[in-house]
Amino acid sequence: MSITQLSLLEQAVFVLAALVLFTSFALLGQARLLSTIHLFAWQGLALALVSSLVATATNEPHLYLSALLTLSLKALLIPWMLHRLVRRLELERHAEPLRHPVMVMLAGTALVIFSYWIVLPIERLELAATRNIIAISLAVILIGLLIMVMRRQAVIKVIGFMSMENGLFLAAVAATHGMPLVVELGVAFDVLIAAVLFGVFFFHISESIESLDVDRLNRLRARDKS
Amino acid sequence: MSLLTITVFLPLAGGILLAFVRSSTVAGWINVGLSGLTLAASVALALGVLDSGAYAVPGFHLDAFNVYLVVLTALVGLTTGIFSRPYMAFIRLERGISAKRMRLYHSMYQGFMFTMLLALTTDNLGVLWVAVEGATLATVLLVSLYRTPESVEAAWKYFILCGVGIALALFGTVLVYFAAQHVLTDPAQGLIWTRLHQAAGRLDPAVMSIAFVFLLVGYGTKVGLVPLHNWLPDAHSEGPTPVSAVLSGLLLNVALYAVVRFKMLVDGSLAGTPKAAIAGHLMMGFGLLSFLVAGLFLHRQRDIKRLFSYSSIEHMGLMTFAFGIGGPLATFGALLHMLVHSLTKSAIFITVGHATHIAGTQAIDNIRGLIRTQPAVGWGLLIGVAAIAGFPPFGVFTSEFLLLSATMQSWPWLTVALLMGLAVAFAGLFRHLHPMVYSAAPDGQQAVRANMLPVALHLGLVLWLGLAVPPFLARWLDQATLLITGSRLL
Chain A
0 MSITQLSLLE QAVFVLAALV LFTSFALLGQ ARLLSTIHLF AWQGLALALV SSLVATATNE
60 PHLYLSALLT LSLKALLIPW MLHRLVRRLE LERHAEPLRH PVMVMLAGTA LVIFSYWIVL
120 PIERLELAAT RNIIAISLAV ILIGLLIMVM RRQAVIKVIG FMSMENGLFL AAVAATHGMP
180 LVVELGVAFD VLIAAVLFGV FFFHISESIE SLDVDRLNRL RARDKS
Chain B
0 MSLLTITVFL PLAGGILLAF VRSSTVAGWI NVGLSGLTLA ASVALALGVL DSGAYAVPGF
60 HLDAFNVYLV VLTALVGLTT GIFSRPYMAF IRLERGISAK RMRLYHSMYQ GFMFTMLLAL
120 TTDNLGVLWV AVEGATLATV LLVSLYRTPE SVEAAWKYFI LCGVGIALAL FGTVLVYFAA
180 QHVLTDPAQG LIWTRLHQAA GRLDPAVMSI AFVFLLVGYG TKVGLVPLHN WLPDAHSEGP
240 TPVSAVLSGL LLNVALYAVV RFKMLVDGSL AGTPKAAIAG HLMMGFGLLS FLVAGLFLHR
300 QRDIKRLFSY SSIEHMGLMT FAFGIGGPLA TFGALLHMLV HSLTKSAIFI TVGHATHIAG
360 TQAIDNIRGL IRTQPAVGWG LLIGVAAIAG FPPFGVFTSE FLLLSATMQS WPWLTVALLM
420 GLAVAFAGLF RHLHPMVYSA APDGQQAVRA NMLPVALHLG LVLWLGLAVP PFLARWLDQA
480 TLLITGSRLL
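Protein chains in written order, with numbering that gives the first Met the number 0: chain A, 0 to 225; chain B, 0 to 489.
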């Protein structure tokens, strides 16, 4: 299906989805901790916009609620909590240059292509229109995973985790016009609790290894090898 | 209030209540009482469901498959609660755990029970996901309860790995919802399992098979399937022993339950296409891999709780494999195996809790002469391990025998792999067990106060199931088999 056949609103949804993917790449490459948190907030904002656009396009009022939820949770509350934690742990100036930036970026690109390959078998006409969006959200999820694998700093790992969650939300909103309200509230609740728990863990980890470089958490890894 | 409401929401209310109880002695007793009430309600509920077949209220759905797991969950919750009361009182003194953290422990114990029961009874696949993720959130701070560097590391790994896994499962759930929206007349019901099951034949096969891969990887992380099992031995070995017992006995089962529910939908959707059995084949592959790898890992363990957590991975692999084969015989065997494995493994973890208390360490090399120091604990461990290794006349033997016959019928060559895996696991368990139980006890090792009643109850039930599966239970499991595979065994 050609993109010009879609209504303007739907095209705007695609543009914003692409923007979410773009911020994922930016998260992958950003070395400075504070800038990473800001980028994550921008990603949340783009998601909230996607959600409200879909709400307008499909005339489903409960999506406005989830847009509001995303805006307050992903674009404001969680970034603010992370910001506060970083200040309390005195990590404002922390920067961790990415190792092998070219390879990592290429890997990110490969993940995008892989996502498009995954959705190829979906051929039925009424499903094929949303294939693009599913591929993009899968790519956001996988890049979030890549961030968690490549970055060593605990706060950035958590941001990778939360951006995976963003990819899921994108899939739910753009491909299925949002999950039922009870599920959406449940998921938002879980994300919030997870964010709070991560905060607790930062303190435990920095107490036990005096840094947040979680690659140094390796006491148990040796157990199976000895 | 219906029995269902009581069974599911009593633990939630209890968890909130226990967050405010200051005295940890009182909290321990309340914990036992609440678990007892939950068990009573679940038994009454199960009797009702058995009489009338399925039972549904909006949002919830009970049939033979999940109601037996509800009773099992409530039972293990109660017996572990009985064990946890004196044990945690001892741990509290020994490790100097603050009253605040004990409050967290009791509150989250009930919170965990709530998420398990909600995941089992809900009809909504989205709520199922929320509940399974909630179980991680409830237990992650319990794993790090001791605040040692090791336990913080284990909890962090548990949190991250299960979080990632469960995120992939949510993506699979979204895809299922996506497929359902184009089929159901009311798209808002696209996550209601009963509706989906009725309409399974019309769900788009391509979308459903992609979805199943994500669901299997996602919930499979929680089942502990290799290669996503890394969190499991760490979380089991570093957390408090009652937590290991409920994680092994309940959480792994519930995650597998979720996979099987989705497999039923995918099988319905793919029936008649060239790739009809793809879901089963995937499960067989992952299951067999976990079974064999975990059996080998048993040999190199030095920590008693890690040893038994690898044994859990091995048994979960076997069950996943059996559900993957799919016929009535294999499914019946897998359901029975879920039951006996939970009972035996939680009994073993309770005994291990007492054994580590006696020896003052979790290192296998330093646990010696249990049978001389305290015969009840020594025998408990010996019988428990004999049962889990699949010795007759225990129930694990019965279910493994059924699984082997089922494999022999449909995949004869894989029987060889299964038998080898069982032998390797057997050797791996007994080479560690023998010195722990029999050799000379170190000087000054003393018996501790141990309540072996939960262990005796569990092992007694497993023995009963091995000698003769009572007719009502056989009928019950047969109904569940009918539900999953579409044909009866008996």
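Everything labelled a hint here was simulated from the structure, so no lab data went into it. Don't take each hint at face value.
Unchecked claim - Stretch by stretch, here's where chain B covers chain A in the computed footprint (C-beta under 8 Å, at least three residues):
id : stretch
1  : 42-55
2  : 64-78
3  : 81-93
Claimed, not checked - If you want a taste of the chain B side facing chain A, the calculated C-beta under 8 Å gives, among others:
id : residue
4  : Ile96
5  : Lys99
6  : Tyr145
7  : Ala187
8  : Ile209
9  : Pro441
10 : Asp442
Backbone N, C-alpha and C define an ideal beta-carbon position, used for all residues, glycine too.
### Task
Go through the numbered hints given earlier and state which of them the structure violates, listing their numbers in rising order.
The structure breaks hints 1, 2, 3, 4, 5, 6, 9 and 10; every other hint is satisfied.
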